[in-house]
Amino acid sequence: MKLWRKPLDQDRVVVPHGEIHLILERCKGCQLCVTYCPRSVLEMSNLFNAKGYHPPQVGFPGRCVACGLCAMLCPEFAIYVVEV
Amino acid sequence: MNDNGILQGDFFIDGDTACAEAAICAGCRFFGGYPITPATEIAERMARRLPQVGGTYIQMEDEIASIAAVLGASWAGQRAMTATSGPGFSLMMENLGLGIITETPCVLVNVQRAGPSTGMPTLAGQGDMMQARWGSHGPYEIIALAPSSPQELFDLTIRAFNLAERYRTPVLVMTDEAVGHMTERVVIPPSEEIKHYPRRKPQVPPSDGYLPYNPDPDGVPPMACAGEGYRIHVTGLTHNEKGYPATVSVETQRKLVERLIRKIRDNRDDIVELHEDQVQGADVVVVAYGISARTAARPVRVAREMGLKVGLLKLVTVWPFAENRIQELASQVKAFVVPEINMGQIALEVERCAGGKAQTILVPHAGGGLHDPDDVLEAIMRVSRWNREPETQNSKPET
Amino acid sequence: MAEELTNLLISEHHPMDSLLRQDRLPHIWCSGCGLGTVLTCFVSALQKLELDLNKVVIVSGIGCTGRAAGYLNLDGFHTTHGRAIPFATGLKLGNPELKVVVISGDGDLMAIGGNHFIHAARRNMDLTVLCVNNFNYGMTSGQVGPTTPTDARTSTSPYGNAEHPFNVPYLAAATGATYVARWTALHVRRLERSLIEAMNKRGFSLVEVISPCPTYYGRWNKMGDALEQMKQYHDHSIIRHRTDPAEADISLGGEIIVGRFVDEDKPTFCDLQREAVQ
Ligand SMILES: Cc1ncc(C[n+]2csc(CCOP(=O)(O)OP(=O)(O)O)c2C)c(N)n1
Ligand code: SF4
Ligand code: SF4
Ligand code: SF4
Ligand SMILES: [Mg+2]
Numbered sequence: 001m002k003l004w005r006k007p008l009d010q011d012r013v014v015v016p017h018g019e020i021h022l023i024l025e026r027c028k029g030c031q032l033c034v035t036y037c038p039r040s041v042l043e044m045s046n047l048f049n050a051k052g053y054h055p056p057q058v059g060f061p062g063r064c065v066a067c068g069l070c071a072m073l074c075p076e077f078a079i080y081v082v083e084v
Numbered sequence: 001m002n003d004n005g006i007l008q009g010d011f012f013i014d015g016d017t018a019c020a021e022a023a024i025c026a027g028c029r030f031f032g033g034y035p036i037t038p039a040t041e042i043a044e045r046m047a048r049r050l051p052q053v054g055g056t057y058i059q060m061e062d063e064i065a066s067i068a069a070v071l072g073a074s075w076a077g078q079r080a081m082t083a084t085s086g087p088g089f090s091l092m093m094e095n096l097g098l099g100i101i102t103e104t105p106c107v108l109v110n111v112q113r114a115g116p117s118t119g120m121p122t123l124a125g126q127g128d129m130m131q132a133r134w135g136s137h138g139p140y141e142i143i144a145l146a147p148s149s150p151q152e153l154f155d156l157t158i159r160a161f162n163l164a165e166r167y168r169t170p171v172l173v174m175t176d177e178a179v180g181h182m183t184e185r186v187v188i189p190p191s192e193e194i195k196h197y198p199r200r201k202p203q204v205p206p207s208d209g210y211l212p213y214n215p216d217p218d219g220v221p222p223m224a225c226a227g228e229g230y231r232i233h234v235t236g237l238t239h240n241e242k243g244y245p246a247t248v249s250v251e252t253q254r255k256l257v258e259r260l261i262r263k264i265r266d267n268r269d270d271i272v273e274l275h276e277d278q279v280q281g282a283d284v285v286v287v288a289y290g291i292s293a294r295t296a297a298r299p300v301r302v303a304r305e306m307g308l309k310v311g312l313l314k315l316v317t318v319w320p321f322a323e324n325r326i327q328e329l330a331s332q333v334k335a336f337v338v339p340e341i342n343m344g345q346i347a348l349e350v351e352r353c354a355g356g357k358a359q360t361i362l363v364p365h366a367g368g369g370l371h372d373p374d375d376v377l378e379a380i381m382r383v384s385r386w387n388r389e390p391e392t393q394n395s396k397p398e399t
Numbered sequence: 001m002a003e004e005l006t007n008l009l010i011s012e013h014h015p016m017d018s019l020l021r022q023d024r025l026p027h028i029w030c031s032g033c034g035l036g037t038v039l040t041c042f043v044s045a046l047q048k049l050e051l052d053l054n055k056v057v058i059v060s061g062i063g064c065t066g067r068a069a070g071y072l073n074l075d076g077f078h079t080t081h082g083r084a085i086p087f088a089t090g091l092k093l094g095n096p097e098l099k100v101v102v103i104s105g106d107g108d109l110m111a112i113g114g115n116h117f118i119h120a121a122r123r124n125m126d127l128t129v130l131c132v133n134n135f136n137y138g139m140t141s142g143q144v145g146p147t148t149p150t151d152a153r154t155s156t157s158p159y160g161n162a163e164h165p166f167n168v169p170y171l172a173a174a175t176g177a178t179y180v181a182r183w184t185a186l187h188v189r190r191l192e193r194s195l196i197e198a199m200n201k202r203g204f205s206l207v208e209v210i211s212p213c214p215t216y217y218g219r220w221n222k223m224g225d226a227l228e229q230m231k232q233y234h235d236h237s238i239i240r241h242r243t244d245p246a247e248a249d250i251s252l253g254g255e256i257i258v259g260r261f262v263d264e265d266k267p268t269f270c271d272l273q274r275e276a277v278q
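Protein chains in written order, with the working numbering: chain A, 1 to 84; chain B, 1 to 399; chain C, 1 to 278.
Just so you know, the hints here were simulated from the structure itself, not pulled from any lab data.
Glycine residues also receive a C-beta, built at the ideal position from the N, C-alpha and C atoms.
Accuracy of the hints is not assured; some may be wrong.
[As the list claims (entries may be wrong)] With a straight-line cut-off of 20 Å between C-alpha atoms, the simulated SDA-like cross-links for lysine to any residue are:
hint: 1; chain 1: B; residue 1: K242; chain 2: C; residue 2: S18
hint: 2; chain 1: C; residue 1: K55; chain 2: C; residue 2: S18
hint: 3; chain 1: B; residue 1: K255; chain 2: B; residue 2: H275
hint: 4; chain 1: B; residue 1: K242; chain 2: C; residue 2: N73
hint: 5; chain 1: C; residue 1: K231; chain 2: A; residue 2: V84
hint: 6; chain 1: B; residue 1: K255; chain 2: B; residue 2: T238
hint: 7; chain 1: B; residue 1: K242; chain 2: C; residue 2: R21
hint: 8; chain 1: B; residue 1: K242; chain 2: C; residue 2: Q22
[Stated by the list, open to error] Just so you have them, the derived chain A footprint on chain C, three or more residues with Cβ under 8 Å:
hint: 9; segment: 11-24
hint: 10; segment: 36-42
hint: 11; segment: 108-115
hint: 12; segment: 219-231
Chain A with its partners taken away, still in its complex shape (with noise of 0.2 Å):
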């Protein structure tokens, strides 16, 4: 199973302002990230980390404005997005 790759379409997929990256294993799951996007753009997957916790995933990517509040909320230093 190959499942923290990079998305296979990723080179299809538009993303226009922000490119979220995730440290998988960092994440504590606690949704911070998810509840404040002001955007909506991530949701809570239904995957385990190591850790055992629930990561988020970019729900909707084109509408990341690439504002960097999940990044300032994320308690674990788990997530940070790259403007494109």
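Starting from the known structure of chain A, arrange chains B and C with the ligands on it as the hints suggest.
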């Protein structure tokens, strides 16, 4: 005074002043303190003198803050000192432990007065000797020096700074009110004659994997300070060589504690200083320290005039204890007489080391003054008599 | 169940990593604890400040918050309970070039260390203090503390707290702090800005952050999960800059006045000492 603000020459000053001047000669440039009799004069002198040599004096809000600030200043690269007496010494105990586990060089002077509690603020005591050894929690080893005169307080304060750097640990100068307030001739040698043990610095640049608690072969790690680019982490938690907490690793705890103890115990020969006066061949040896060693000199002399073979062993270094020497002497002498201004502290150590091979007689003093020389003489005569007539040994219960 | 995380790149490193001791992550803080977010804001502030990071020193006391010094890739000192401020004072006076920041908890700074706090403020010692107020002693599993609101329940106030709490900004202002601000952990941008301002300030600066301890305080006071507690604090907060800190009391479930309350200049301890000696 020299151009650099450091004194040199012959002075008629009290012990506390001598102590402050010694600190300045030793390169101490930070003093954090809180006034307390009979140590206040040290703070007062430092408040006046430190600015003259580019140093900083701060009067903290209490003794806990004083020692914490001293530890901080040491990590900023300074030679730092505080001075106090019994009540303040008690308050300093927790952070003394922090200084020990983080291996922070600094000097703590205790001008002892009579306790317990507020006790007799203006009068001498030696009641904090065991507190000096065991006052902070957990297992550790400590260095404590005990001067008998203002001159010696001067000399030992300088030595304390050097030992602190050499072994990276807080060093205690356990003096007392009598010495602190006694005015005598004190010779301050020229600066160039004063030995400085420099801080042990890392030999590798910050990028090169410096491990803050990786010791040199003698058990002492070189010390990078704050602001030097090493990005050190220093904690009072049990830590590994990186300085990182390892709070559930029994192995890390064992290694750390053993090293902290061994770096001092294994170097006892270097640290322990004793002054011996006719100890070899004596029947009775008076073991004393600080002002009591001075009080003991006269009764020892009188006893010798009476034909008794009495030696005087002065513990200049009280901690670590002169275990080997006392053990050695125990099989040569008949008894140790230990006068101290408390109800029996160092006498217990002497007795332990004597291991039953020689008697240990305590000459106690509850505090507030010095021994009556006759009391010490009487003890010497008593044990001498016992030794001649062993059948009367148990005729009188010991105090 | 989805088999992969969608539209997300998996990385090994975070842009803040150079300021973190990566070999110590993940940190010990509970999931949803506000402390991680506060630390992120602090790192972000450091990245924006033009400081020589080799001269920035973090000093912490003991507590959950006290662990902060151990996660930052800076010179860091994890001292004894309550004594971070006097230790920091020694560092600063020992080497005035250092930028010394104290990061510690409400119990550490206001109870056992309360005396040191007021005296450092009174002296206008050039330190920045970041006080994370979670209204209880987190590390020792949630006892009542000097900032616990009256009536709040904790493991040692099971019938409700019978004490009046300290209002931290008021205490700081009254005792002489030259910069005083309060935010909640959710005010990430404003908190970051305050931290920048505080660290740029010469003198004693205090930033209080109201932060959830979902594991203890939140649970005892039935505040819901971590997220809810975070949200409640944020929702109950009212931004009122320059408000008189005397009016910034916090009551159980009441409003939380946040903002920059004090920002003034006055000579520091070092300034006055230098002047006096000359
Ligand atoms: C002298 C001393 N007393 C008590 C403790 C136990 N202790 C550790 S942390 C703590 C309270 C911490 O509370 P706070 O400062 O609010 O930090 P938090 O854990 O809430 O972040 C206490 C009482 C200690 N370590 N040292
Ligand atoms: S950068 Fe802003 S918009 Fe994009 S996911 Fe993060 S919080 Fe949402
Ligand atoms: S905020 Fe961080 S830890 Fe929390 S769910 Fe998002 S990525 Fe995970
Ligand atoms: S106990 Fe409370 S303060 Fe401590 S890490 Fe957990 S949530 Fe945070
Ligand atoms: Mg707390």
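Indices of hints not satisfied (ascending): Violated: hints 3, 5, 11.
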